[in-house]
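Asks: Listed below are the residues making up each chain.
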Amino acid sequence: MTRLILLAVAVLALGGCADLGAKPWQRGTLARYDMQLDCDPVLAGLDDHIYFSKEASSGGRGFGGGGCGCN
Amino acid sequence: MRLIIAVLMLMSATAAGAAELPAALATYQGKLVYVDFWASWCGPCAESFPWLNRMQEKYGADLVIVGVNVDTDAGAADAFLKKHPARFDIVRDPAGRLPELYAIEGMPTSVLLGVDGSVLHKHSGFRAHQTAEYEAAIRAALPREEARK
Amino acid sequence: MQLKRKRLAAATLSLLGAAVAPGPASALDLELPSEQLSKKWEFDTGMLVYSEAGGRVQAVEPVLKATRLFGQDRALTVKAVVDTLTGASPNGAAPASTPQTFTGPSGQGTYTANPGEAPLDDSFKDTRVALSADYVFPVSANGKFSYGLNGSKEYDFLSAGANARYSHDFNQHNTTLSLGLSYEADQISPVGGAPVPLSLMPPPLPPPPPGPEPEPEPEDGEGGSAETKGVTDLVLGLTQVLDPNSLVQFNYSLSTSSGYHDDPYKVLSVVGADGEPLRYVYEARPDARTKHALFARYKRFVFSSDVFDVSYRFMTDDWGVQSSTVDSLYRWNYNDRSYLEPHLRWYTQTAADFYRAALYDGEEATVDFASADPRLGAFSGYTFGLKYGHEMPSGNSWSARLEYYQQTGEREGVPEQAAAGLEKFKLEPDLSAVMFTVGYRFKW
Chain A
1 MTRLILLAVA
11 VLALGGCADL
21 GAKPWQRGTL
31 ARYDMQLDCD
41 PVLAGLDDHI
51 YFSKEASSGG
61 RGFGGGGCGC
71 N
Chain B
1 MRLIIAVLML
11 MSATAAGAAE
21 LPAALATYQG
31 KLVYVDFWAS
41 WCGPCAESFP
51 WLNRMQEKYG
61 ADLVIVGVNV
71 DTDAGAADAF
81 LKKHPARFDI
91 VRDPAGRLPE
101 LYAIEGMPTS
111 VLLGVDGSVL
121 HKHSGFRAHQ
131 TAEYEAAIRA
141 ALPREEARK
Chain C
1 MQLKRKRLAA
11 ATLSLLGAAV
21 APGPASALDL
31 ELPSEQLSKK
41 WEFDTGMLVY
51 SEAGGRVQAV
61 EPVLKATRLF
71 GQDRALTVKA
81 VVDTLTGASP
91 NGAAPASTPQ
101 TFTGPSGQGT
111 YTANPGEAPL
121 DDSFKDTRVA
131 LSADYVFPVS
141 ANGKFSYGLN
151 GSKEYDFLSA
161 GANARYSHDF
171 NQHNTTLSLG
181 LSYEADQISP
191 VGGAPVPLSL
201 MPPPLPPPPP
211 GPEPEPEPED
221 GEGGSAETKG
231 VTDLVLGLTQ
241 VLDPNSLVQF
251 NYSLSTSSGY
261 HDDPYKVLSV
271 VGADGEPLRY
281 VYEARPDART
291 KHALFARYKR
301 FVFSSDVFDV
311 SYRFMTDDWG
321 VQSSTVDSLY
331 RWNYNDRSYL
341 EPHLRWYTQT
351 AADFYRAALY
361 DGEEATVDFA
371 SADPRLGAFS
381 GYTFGLKYGH
391 EMPSGNSWSA
401 RLEYYQQTGE
411 REGVPEQAAA
421 GLEKFKLEPD
431 LSAVMFTVGY
441 RFKW
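Residue numbers (this note's numbering), protein chains in the order written: chain A, 1 to 71; chain B, 1 to 149; chain C, 1 to 444.
With the rest of the complex left out, here is chain A (with noise of 0.2 Å):
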């Protein structure tokens, strides 16, 4: 449980680190198509189906983020 709270506490004071990052104008690596969280998305859902269904775990995975952070 402590160990629970302890990472959630970091995740937060990460996300207020405004130096942390690239500069708008230096995001040409992470707008590449395999930088992406969710590069190959119908290979991700067929693994995710074939664990759910071997496995008592499932998901996990969120959406969203990194990218060129265009517009």
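Don't read these hints as lab results, they were simulated from the structure. Predicted model only: the values in this text are computed from it and were never measured. Among the hints, erroneous ones may be present.
[Claimed, not checked] DSS-like mimics (lysine-lysine), calculated; alpha carbons at most 30 Å apart, straight line:
| hint | chain 1 | residue 1 | chain 2 | residue 2 |
| --- | --- | --- | --- | --- |
| 1 | C | Lys65 | A | Lys54 |
| 2 | A | Lys54 | C | Lys229 |
| 3 | A | Lys23 | B | Lys31 |
| 4 | B | Lys122 | A | Lys23 |
| 5 | B | Lys82 | C | Lys39 |
| 6 | C | Lys65 | C | Lys39 |
| 7 | A | Lys54 | C | Lys39 |
| 8 | C | Lys424 | C | Lys65 |
| 9 | C | Lys153 | A | Lys54 |
| 10 | B | Lys122 | B | Lys58 |
| 11 | C | Lys65 | B | Lys58 |
| 12 | B | Lys82 | C | Lys40 |
| 13 | A | Lys54 | C | Lys125 |
| 14 | A | Lys54 | B | Lys82 |
| 15 | A | Lys54 | C | Lys443 |
Here the structure of chain A is known, so what remains is to put chains B and C in place on it, guided by the hints.
Replies: Below, chains B and C alone, put in the same frame as chain A:
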């Protein structure tokens, strides 16, 4: 009136208010400049180029559009230009000095610089349904007779 | 470099408006000039062939996903999956020293397990169809909202669900907070009706007397009762760009479900002190489940061309299952168009509180819940895989991936009174499977 404003801007601390244009844009000193920051990896930039071409054609005599490219890979920028031809000047800035100077907050960003080098208008992002607003900012900066056309 | 090859692509295909630069925040490519009649559809297709060793489950699963871009960052995605399953699956009974015969759930056909083997029900054949649709649109300069519907149908199972998600960017798109909610309603109509939990499994039917063929039983659960289950999911996420080459993501997921969780076709062996089966009873699971999961993922661009990706997920639920998953891959972009991607996944889980390899004579009257489903047992799993991908000058791409998955079970849930008798049998759930997937992505 304009003289007072120019003096005040000279006195302000922000680099963007300085009358002197940075070295890379020195050739445009004294002109109305529309600086557009773009990159090959920026989707909305591809959308903006046809509109920028139209603006350059329409206000050519009074307005200089300068596309500042921030790609670190020159080849990628070249490829983008082949696919989205630019009928306006292109300046390469792989080190990112100009975007840093104008403190841009997103990609793409357009900065409208007056003839005295000050920042008249700045906007982040390019959305096709907002081009009327972008054009209005240009027209507001044009010399009176031109804006009436 | 991925960016260099675009020069060739651009030179030859400028007229077709093929995508050249990598897309923005998601797999969507949103760089279509809205004025031109350029490609507004993106198709992502794939097919999985899954094959377990030992004549167990075989599955073929084609997927089709289509995204229609509407400009201004709006997009509609529809996805269809067809899943055909055949092969044998453990029915939950433990091995015995003599052959064991069972009747299939439809009441027709029997299957027999050899001595020392865990019985496998091979009457299991199923086709599942799943459909989903999602619409995403911006709500402000930094916010994005999406909502969707999904449904699936198998011969004894029907589900319908809805979901909504919102994500908001901060710090010049370096930080993204997201929230997702979804609800799914399931209807389970087991063949022959849902059995009473922990009730006796009827002995195998004798062969029918010679004469005219009897009327076959309906293959779906129309003759029996239908059970329901509701699942609610919540996901909270934080994505943070660390520097121009890396980013990290954290998620917390909460899932609560209530209703019918039993597998109506699974049984447990009730054994005597000698470990031999006396009878079989249907399993029983609680009618509620709450799962918590914490997920962390790190992605980094390395050696100016490759991508390293590693993630960790910790899951705990109120059934006593705790699991850890480490998933990592390395995309080696060895030239402008192609890549090789080794993949390694390690998984471990503890058994559910009510997981039992078998019950001791009389326990079926005293326990609240019991299940011998290998999915709820204790095991570790490894996946090793290699994926190859290639991008064509048109901008379309294809990939092929071959993987091997192995589960190694741990001996758990053995009743003390029969421990000595069951010693001679292999009770740990084991599994090994080969998975082959192909994918093709194109714009139109």
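Asks: Taking the hints in turn, state whether each one holds.
Replies: Hints versus structure:
no., hint, verdict
1, C/Lys65 with A/Lys54, "holds, 24 Å"
2, A/Lys54 with C/Lys229, "holds, 20 Å"
3, A/Lys23 with B/Lys31, "holds, 29 Å"
4, B/Lys122 with A/Lys23, "holds, 17 Å"
5, B/Lys82 with C/Lys39, "holds, 18 Å"
6, C/Lys65 with C/Lys39, "holds, 16 Å"
7, A/Lys54 with C/Lys39, "violated, 39 Å"
8, C/Lys424 with C/Lys65, "violated, 49 Å"
9, C/Lys153 with A/Lys54, "holds, 19 Å"
10, B/Lys122 with B/Lys58, "holds, 20 Å"
11, C/Lys65 with B/Lys58, "violated, 43 Å"
12, B/Lys82 with C/Lys40, "holds, 21 Å"
13, A/Lys54 with C/Lys125, "holds, 17 Å"
14, A/Lys54 with B/Lys82, "violated, 50 Å"
15, A/Lys54 with C/Lys443, "violated, 34 Å"
In summary, the structure is inconsistent with hints 7, 8, 11, 14 and 15 from the numbered list given earlier, while agreeing with the others.
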